[in-house]
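Q: Each of the two chains sits in its own frame; use the hints to bring them together as a complex.
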Amino acid sequence: MRLKYVLSEVMVGLWRNVTMTIAMIITMAVSLTMLGASGLIYVKVAEMKELYFENIEVSIFLETEVTEEQKTAIQAKLDVDPLIESVTYVNKEEAHEDFEEMFRDSPDLLSAIDPEVLPESYRLKLVNPQEYQAIGEQYAEIEGVDQVVDRSSVLDKIFKLFSAGQNIALVAAVAMAVAALLLVANTIQVAAYSKRREVAVMKLVGASNWFIQAPFVLEAVVAGLIGSLLGLGALAGLKIFLFDGALSALQGLFAPVSWGEVLLAFPLMAAVGGLISAITAWVTLRFYLRV
Amino acid sequence: MIQLEQVTKTYPKASRPSLDNVSVAIEKGEFVFFIGPSGSGKSTIIKMLLHEVAPNKGRIVVNGKDVTSMRSWKRPAFRRSIGCVFQDFRLLPNRTAYENVAFALEVIGKTKAVARRVVPEVLELVGLGGKEHRYPQELSGGEQQRVAVARAFVNRPLILLADEPTGNLDPDTSIEIMRLLDRINRTGTTVVMVTHDSNIVNQMRRRVIEIESGRIVRDQARGVYG
Numbered sequence: 001m002r003l004k005y006v007l008s009e010v011m012v013g014l015w016r017n018v019t020m021t022i023a024m025i026i027t028m029a030v031s032l033t034m035l036g037a038s039g040l041i042y043v044k045v046a047e048m049k050e051l052y053f054e055n056i057e058v059s060i061f062l063e064t065e066v067t068e069e070q071k072t073a074i075q076a077k078l079d080v081d082p083l084i085e086s087v088t089y090v091n092k093e094e095a096h097e098d099f100e101e102m103f104r105d106s107p108d109l110l111s112a113i114d115p116e117v118l119p120e121s122y123r124l125k126l127v128n129p130q131e132y133q134a135i136g137e138q139y140a141e142i143e144g145v146d147q148v149v150d151r152s153s154v155l156d157k158i159f160k161l162f163s164a165g166q167n168i169a170l171v172a173a174v175a176m177a178v179a180a181l182l183l184v185a186n187t188i189q190v191a192a193y194s195k196r197r198e199v200a201v202m203k204l205v206g207a208s209n210w211f212i213q214a215p216f217v218l219e220a221v222v223a224g225l226i227g228s229l230l231g232l233g234a235l236a237g238l239k240i241f242l243f244d245g246a247l248s249a250l251q252g253l254f255a256p257v258s259w260g261e262v263l264l265a266f267p268l269m270a271a272v273g274g275l276i277s278a279i280t281a282w283v284t285l286r287f288y289l290r291v
Numbered sequence: 292m293i294q295l296e297q298v299t300k301t302y303p304k305a306s307r308p309s310l311d312n313v314s315v316a317i318e319k320g321e322f323v324f325f326i327g328p329s330g331s332g333k334s335t336i337i338k339m340l341l342h343e344v345a346p347n348k349g350r351i352v353v354n355g356k357d358v359t360s361m362r363s364w365k366r367p368a369f370r371r372s373i374g375c376v377f378q379d380f381r382l383l384p385n386r387t388a389y390e391n392v393a394f395a396l397e398v399i400g401k402t403k404a405v406a407r408r409v410v411p412e413v414l415e416l417v418g419l420g421g422k423e424h425r426y427p428q429e430l431s432g433g434e435q436q437r438v439a440v441a442r443a444f445v446n447r448p449l450i451l452l453a454d455e456p457t458g459n460l461d462p463d464t465s466i467e468i469m470r471l472l473d474r475i476n477r478t479g480t481t482v483v484m485v486t487h488d489s490n491i492v493n494q495m496r497r498r499v500i501e502i503e504s505g506r507i508v509r510d511q512a513r514g515v516y517g
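Same order as they appear, the protein sequences are chains A and B. Numbering-wise (the working numbering), the first sequence opens with residue 1 and increments by one. Numbering-wise (the working numbering), the second sequence opens with residue 292 and increments by one.
Just chain B, with the same shape it has in the complex (with noise of 0.2 angstroms):
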């Protein structure tokens, strides 16, 4: 599903590179930890996947499509096929939680007769049903993650990617949104998560992918923070 080989990645006048050499696979329907500290390199593989950062050296390979060698224009109808959500929600403070989710789907040309039937029923899945009408500032942090990722997933995206999605959240919220993230996990959706968070890896038991100075340093099936 997911392919790096040899991916290097230096930003311009940085002093060293913040991808080195990195090889991973990742399986369709798998669920994947990217931990490290700060500055290891971890958001810049999810940058890469969204085709937003393109490596020096090296392959990478999304849902079988090469996206080293993508050309740009080809970059929108690429992301349709991923949910992307951040610690900061990206939510339109001007929009319903209903339409928040809606207006992802009519920008890339869904109509408003799916986007009625197809809204509530992921907000339902999310644990948002009743709150549709809600706007983000009305929402708890949780909440608005929520939606975040109602957003992400309304189109059945094959691989969901989360950059510290329980950063803003308090540990019990956090648990509730992995919950969430694992129910979405088990729909055969591949998850790839960057965290710092050590209390959620360790209870989720999934995949740890450790970096360290751009380096992997360790891969683990069923690994725990370290």
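Next up, chain A with everything else stripped away, as it sits in the complex (with noise of 0.2 angstroms):
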């Protein structure tokens, strides 16, 4: 019964200012694609670090001129150390395979570079990849040692990258959500006004608090729920045409965003989306009705 008349009242109220609630919708959704991008990125992010370091490679380059017992030095201490898994050496002759595997698209550079120029070195898989550093202090000085290089450099570098977008994400969110605020504290306003008769009625005759405020309060939370899904859908276009279109030739660097995790980020819209309504109606409310 009750229920019926609270819900006619927020169809009535949405309805009464429609401009201003798609420009709150709209605002909302913005802002609210943001806050998913910028979660779906941070799981990527987190996701592709555990990847990448599991399997991180730290390859020691020898110097050119080398001699046999330098060699030996270094595999001797290389046996013996602790963090390490297990150790390949590499030749010139594969170190330029490899360099040919790596290079086949470009002929030119291949046929420029003489196989005797590669420097020999060895591959090393280490217990605990985090300790990548280490390695590189202890062996870079050693005599023979041409220098240590682990892949991390370049994969900070990436992951550096996608925390920048991800911060750009939270930012733009975090302006649009702004935006998103004053505009329902405003259409809770004009609505609070266009019914001033009707709420100064109830507040006379004893209508309970919850009972004026709901309707306005589930109209910008009814806002904020449209401008969730309207969310949801725009990240699932990012989803098909950003990673799966424009950026699937980068599919090997970094995982794919699976339709799940698009899914999972609609929890956190909406749960966000309708709160910042309900406490931002609820709060405009307190000061324009007093109730």
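Since the hints were derived computationally from the structure, they do not count as laboratory data. Since we're looking at a predicted model, the values are computed, not measured. We put the CB at the ideal spot given by N, CA and C, even for glycine. Be careful, since some hints might not be right.
As the list claims (entries may be wrong) - Listed next, the in silico DSS-like pairs over lysine-lysine satisfying Cα-Cα at most 25 angstroms (straight line):
(1) B:403 / A:195
(2) A:203 / B:401
(3) A:239 / A:44
(4) B:356 / A:203
Stated by the list, open to error - Stretches of chain B that chain A covers, calculated by requiring three or more beta carbons in the stretch to come under 8 angstroms of a beta carbon on chain A:
(5) 356–369
(6) 375–386
(7) 494–504
Unchecked claim - Simulated restraints, written as ranges between beta carbons of each label pair:
(8) B:400 / A:248: 54 to 64 angstroms
(9) A:279 / B:408: 39 to 49 angstroms
(10) B:467 / A:271: 57 to 67 angstroms
(11) B:511 / A:12: 50 to 60 angstroms
(12) A:194 / B:344: 39 to 49 angstroms
(13) A:237 / B:344: 47 to 57 angstroms
(14) A:279 / B:344: 28 to 38 angstroms
(15) B:470 / A:279: 50 to 60 angstroms
(16) B:496 / A:197: 30 to 40 angstroms
A: See below:
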């Protein structure tokens, strides 16, 4: 009975001021899309870090004029090092094969490189991949070692790029959330003004506070939830056109975004959208209606 | 039924108090006029009895409940025991007489079935039988005030507060409204009315409390306007 009244009031409220409602929903949707996207990036980066650092390999490149004694010394040190799980020696021919494999699309570059100039190296698999820096410190200064290279610096750059993207999305989400918040406050004020006579009578005859507030708060929450649904649609669009479309060439570089993960972002967006709307509406009413 | 004990109220930025150490006791079933010039503090009393304005000093007890210490979340339940009518009627223009009264019932949780039973009864009581489905603008001022009285009385409150209920009405219509309030008073409802209308006060011959500059200057059973 009363529920029916409240719900019909919500619908009337949303229609009464439909342009404002649309503006509220769109800002909410954009804000929540940004929030959802930054959430997805966060999950992906964590996943990728685990994946990459698990398989991280450290290479120790030797100087071209390294002596056999130096090599045996290094090999001996590597064999007893507790940080290292396994060692593979790569001679000049193997290095050249790898090089050919890597640059098979650029024959000019290949023909310009003499197999003799490629350095010999040891490829290390670490017990704990996170400790790659310790290897660098230990081996870089040893006689005969040219340099210790790990892929972490490249990875760090990629991850920095991702977190920059995430930060931009978060900043945009917060900025749009502030705009959405102000729109909600404004919409609720307009709604409360247009129902001021009803509200005055309700207060006079002793209607309970929740009953007076519920239609307004629910109006904002419904707008927030519609916004989060649109946000879900936008994220699905991002997945289809950006990750599966334009960025599919980079598939090997980073983990694909699954539909499950897109759907998992929805509860986050719906909760944030609904809660922000509800709290803003409630606070606005406290100031505006003094109920 | 209503007790004011040494109540003082000074509005912020006001040079002198609206009510200055006022003490009044009103018994159940009484009919009381508060009279006095504009700004004498009459309306402040109504607002305090509704828990809309709190006094700076003193104690107000309505219906056995200490209003001064009442928390605001208890206000809705408290107001259900008090009916109130105003000079400007305060009807909802987009609702009929019936709907205006039914609205007051429905928003405090009464079902439509209860409204269908009670509302025609109370509209009949205030003399609006047959005009249930008119909108406020289709009713005369006196009829609109009758709707407002019906709305205030439909819950059978223990107290009816009336803030210049005849202020917008001509003398004949005013007397009809007074007859209605008198009838409501005879059902045992305590009526507290704030007014300027000397004519009405002189005709009714009820208790008159005169206020001037926030102080009670006269409290007379079966009084006249003076």
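Q: Give a verdict on every hint.
A: A quick look at each hint next to the structure:
1. B:403 / A:195: With a Cα-Cα distance of about 21 angstroms, the restraint between residue 403 of chain B and residue 195 of chain A holds, given a limit of 25 angstroms.
2. A:203 / B:401: holds, 16 angstroms
3. A:239 / A:44: Holds: residue 239 of chain A and residue 44 of chain A sit about 13 angstroms apart, inside 25 angstroms.
4. B:356 / A:203: holds, 19 angstroms
5. 356–369: holds (count 5)
6. 375–386: Coverage by chain A holds here, the residue count being 4 at a Cβ distance below 8 angstroms.
7. 494–504: violated (count 0)
8. B:400 / A:248: 54 to 64 angstroms: holds, 59 angstroms
9. A:279 / B:408: 39 to 49 angstroms: Given about 41 angstroms between the Cβ atoms, the range holds.
10. B:467 / A:271: 57 to 67 angstroms: holds, 58 angstroms
11. B:511 / A:12: 50 to 60 angstroms: holds, 51 angstroms
12. A:194 / B:344: 39 to 49 angstroms: violated, 27 angstroms
13. A:237 / B:344: 47 to 57 angstroms: The hinted range 47 to 57 angstroms holds for residue 237 of chain A and residue 344 of chain B, with Cβ atoms some 56 angstroms apart.
14. A:279 / B:344: 28 to 38 angstroms: holds, 29 angstroms
15. B:470 / A:279: 50 to 60 angstroms: holds, 51 angstroms
16. B:496 / A:197: 30 to 40 angstroms: The hinted range 30 to 40 angstroms holds for residue 496 of chain B and residue 197 of chain A, with Cβ atoms some 36 angstroms apart.
Hints 7 and 12, counting from the list given before, are not met by this structure.
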